[in-house]
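Please put together the full structure from these sequences, using the hints given.
Line order of the protein sequences matches chains Z and V.
For the first sequence, this note's numbering begins at 398 and goes up steadily by one.
For the second sequence, this note's numbering begins at 45 and goes up steadily by one.
Be aware that one or more of the hints could be misleading.
[Stated by the list, open to error] In silico DSS-like links for lysine-lysine, alpha-carbon gap of 25 angstroms or less:
(1) V:Lys364 with Z:Lys536
(2) Z:Lys571 with V:Lys364
(3) Z:Lys798 with Z:Lys619
(4) Z:Lys571 with V:Lys295
(5) Z:Lys571 with V:Lys296
(6) V:Lys262 with V:Lys364
(7) V:Lys323 with Z:Lys715
(8) Z:Lys536 with V:Lys295
(9) V:Lys295 with Z:Lys716
(10) V:Lys323 with Z:Lys716
(11) V:Lys296 with Z:Lys711
(12) V:Lys365 with Z:Lys571
(13) Z:Lys536 with V:Lys365
(14) Z:Lys711 with V:Lys292
(15) V:Lys323 with Z:Lys536
(16) Z:Lys536 with V:Lys296
(17) Z:Lys634 with V:Lys292
(18) V:Lys369 with Z:Lys536
(19) V:Lys364 with V:Lys350
These are calculated hints, taken from the structure and not from any lab test.
Please read all numbers here as calculations on a predicted model, not as lab measurements.
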Amino acid sequence: MAQAIKMPKLSDDMQEGTLVKWFKNVGDMVEEGEILVEIETDKANMEVECFYPGTLAAQSVAEGETVPIGTVIAMIAESEEEFESLVNEAAKQAAANIEEVKTGGGDDVEEDEEVGADQNGSDGHHQLHVVEEIGGPRKATPVARRIAEEHGVSLVEIQGTGPRGRILKDDVEKHIQAGKPKAAVPIPAQVLPLDQKRKYIVRKMVESKTTIPHYYLGADVKVDEMLKLRKEYNTAKETNVTITDFIVKASAIALETYPLVNAHFDEDVIKYKEHINIAIAVDTGEILMAPVVKNCESKPLSVLSTETRELVDKARAKKLMPEDYEGGTFYISNIGGFGIDEIAPIIFPTTSAILGVGAIAKKVVVEGDEFVIGQVMKIILSADHRVLDGARGAEFLKQVKDNLENPLILFA
Amino acid sequence: MARMKFWQAINQGFVEEMERDPDVFILGEDVGLYGGTFRVTEGLFDRFGPVRVLDTPIAENGFVGMAIGAAITGLRPVVELMSIDFASIAMDQIVSQAAKMRYMFGGGCKVPMVIRMPEGTGTQKGAQHSQCLESWFVHIPGLKVVIPSTPADVKGMLASSIRDDNPVVFIEHEKLYNITGDVPEGEYTVPIGKADIKRKGADVTLLTYAYMTHVSLKAAGELEAEGISVEVIDLRTLRPLDEEAILKSVKKTNRVVIVEEDVITMGMGAELAAIISEKGFFDLDAPIIRVAGKDVPIPYSKELEKMAIPNIDEIKTAVKKSLYKEDGGWD
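Right, here's the structure in full:
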């Protein structure tokens, strides 16, 4: 039986996918488990395997085309007869399409014959959406390949200076230094079509702001103690625990005390969650991603720190898998690295709150009745009023602030 | 710091170890009365007597076996083979007994012995007395294989090897015995299993050991004048290899040339190249190159003997190939 391969649903809320690349051509043998296509989803590009062995009889979607999930993208023939009949069918279908375009659906016999003749011609482009292979595999050394991949640079753009034009490490590094734009970056004056990832963000942010009644609570946190403790800890343990790690832990502790903040509104109920999964907003330079640190309720600061580091590195290397960015119950957005004082972020749908963190700055603060210089960090909790009344949000935020101002509790 | 020759450093090492630990003793051919064929044990017979500096008959299998017996009953023998070439006579004792006893007896005994073996090419001793056979022993689980290249390293590694509770094959390249170097004063050890960066560089990593370390350093000096920065790593221990140091250097330079005197086929370079290819593949900007002994019995003729092992020009050419400054024959 011939198999129809459909656009797969690669993540919870994926609705459509873009076929980026075909790895097999019509007529190629495909083995079970071999990569058939590369699909771009709202979060990442993924190589998709074919689970049916056979011969690729039809590429029903062209490279660059976007289709809804469930759309047939390929036909795999099990036998030669099937292959022949599928190819002929596709040709007839294509011919019929061409005929309709030409004659507006009429029954002109002459035109039919003309089209019939085309069907057996050598030009397969119109009939089966066969796409020309652009260039061939580029020759590059292992380290050149790795660095190009890490920086999202396509080898096709690089001139190699090695033997027979092989691309060397130096070639890639010079290319990156020269700041040549990557394939997807547009020239400013033109119109930029949205890729899947951007469409996803558009969808989620609009959904949030049109359905969730946001309110905002701000607090100034004195972080002198926290900074001091962080320095001592990192020196003593030779680690690199970050300020975000402290905030994650402070939030995790507060979420344990106030599980309502970890819940969310769902039609007409409030759903509490079993685990505390904290998502951390990361800017990869091109787009926002939010990898999730799972089960924070049971993890000490050191473990949270290590996991966060791995996830952030993965996000920047564009290697996040769905399980890395799904399932967040609370979000943290730290904009401090950009030198910005405060952020009132947008709540991610299926959660009730998000904590915005600003840059740490020396400020004049009051201690007792005196002015002193202190290090201050502004945090803002955006909260869903359907779940959290002002008092509930305030209790939670106060505890986060207390945890950060008395940081020994983060090591308990 | 004191300046002394390689053989003197070993000699001094022996004096210190034998005074520190009364269980340490030496045995082998001509180690006692004669003072050693390379002067390594000179004066020790007079100082420590005929029982602790024991002259043996020409019977390698026998006296290595004897050393094993001594080791498992509580002593710490340092047995000398006059040349690594003669190890083939004692292979059953080294490989089937010394290397395996502790494991096969479930830890019921230990074999704390050192087997010293001079080796190397370059003194016109003919095919049977000029081999480099370290890879035979690196292939055997249960043995450690140590091969220092300087007076400072050889003294410190002798101490570490004697104090190690495992059988250690301790290889000394014959052309090193008369080189001079700085040696720290007093007692010290150099750890087994740690390589040494003898020269820091940025463009290419040279992995080498024993006499070839010095040839490599000379090549590196000449390449410096041509603007090429070479990092020379003296492996010092071949089993266990210091993988961390090797891979760290490869990550830095992205290029590897292995310089070894032993025959290229199934030599140390083969193991090094496999490890780097498995664990450092994505750091390589060029194929790994081995500069090694040719697949030939070592000739007796002086000129042919030179051609059978690596020289400075071969090393420099290999470095340039890995930088694509010369055609490596790859497409």
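Now for the hints, and whether the structure bears them out:
1. V:Lys364 with Z:Lys536: Roughly 21 angstroms between the alpha carbons, so the hint for Lys364 (chain V) and Lys536 (chain Z) holds.
2. Z:Lys571 with V:Lys364: 21 angstroms, holds
3. Z:Lys798 with Z:Lys619: Roughly 8 angstroms separates the two Cα atoms, so the pair holds.
4. Z:Lys571 with V:Lys295: 18 angstroms, holds
5. Z:Lys571 with V:Lys296: 17 angstroms, holds
6. V:Lys262 with V:Lys364: 15 angstroms, holds
7. V:Lys323 with Z:Lys715: 22 angstroms, holds
8. Z:Lys536 with V:Lys295: OK: Lys536 (chain Z) and Lys295 (chain V) at ~21 angstroms, within 25 angstroms.
9. V:Lys295 with Z:Lys716: This hinted pair holds, its Cα atoms lying about 22 angstroms apart.
10. V:Lys323 with Z:Lys716: 20 angstroms, holds
11. V:Lys296 with Z:Lys711: With a Cα-Cα distance of about 22 angstroms, the restraint between Lys296 (chain V) and Lys711 (chain Z) holds, given a limit of 25 angstroms.
12. V:Lys365 with Z:Lys571: Roughly 22 angstroms separates the two Cα atoms, so the pair holds.
13. Z:Lys536 with V:Lys365: The given pair, whose Cα atoms are some 18 angstroms apart, holds under the 25 angstroms limit.
14. Z:Lys711 with V:Lys292: With a Cα-Cα distance of about 22 angstroms, the restraint between Lys711 (chain Z) and Lys292 (chain V) holds, given a limit of 25 angstroms.
15. V:Lys323 with Z:Lys536: At roughly 21 angstroms apart (the allowed maximum being 25 angstroms), Lys536 (chain Z) and Lys323 (chain V) satisfy the hint.
16. Z:Lys536 with V:Lys296: Holds: Lys536 (chain Z) and Lys296 (chain V) sit about 22 angstroms apart, inside 25 angstroms.
17. Z:Lys634 with V:Lys292: Cα-Cα ~23 angstroms, so holds.
18. V:Lys369 with Z:Lys536: 18 angstroms, holds
19. V:Lys364 with V:Lys350: 22 angstroms, holds
Checked against the numbered hints above, the structure breaks none of them.
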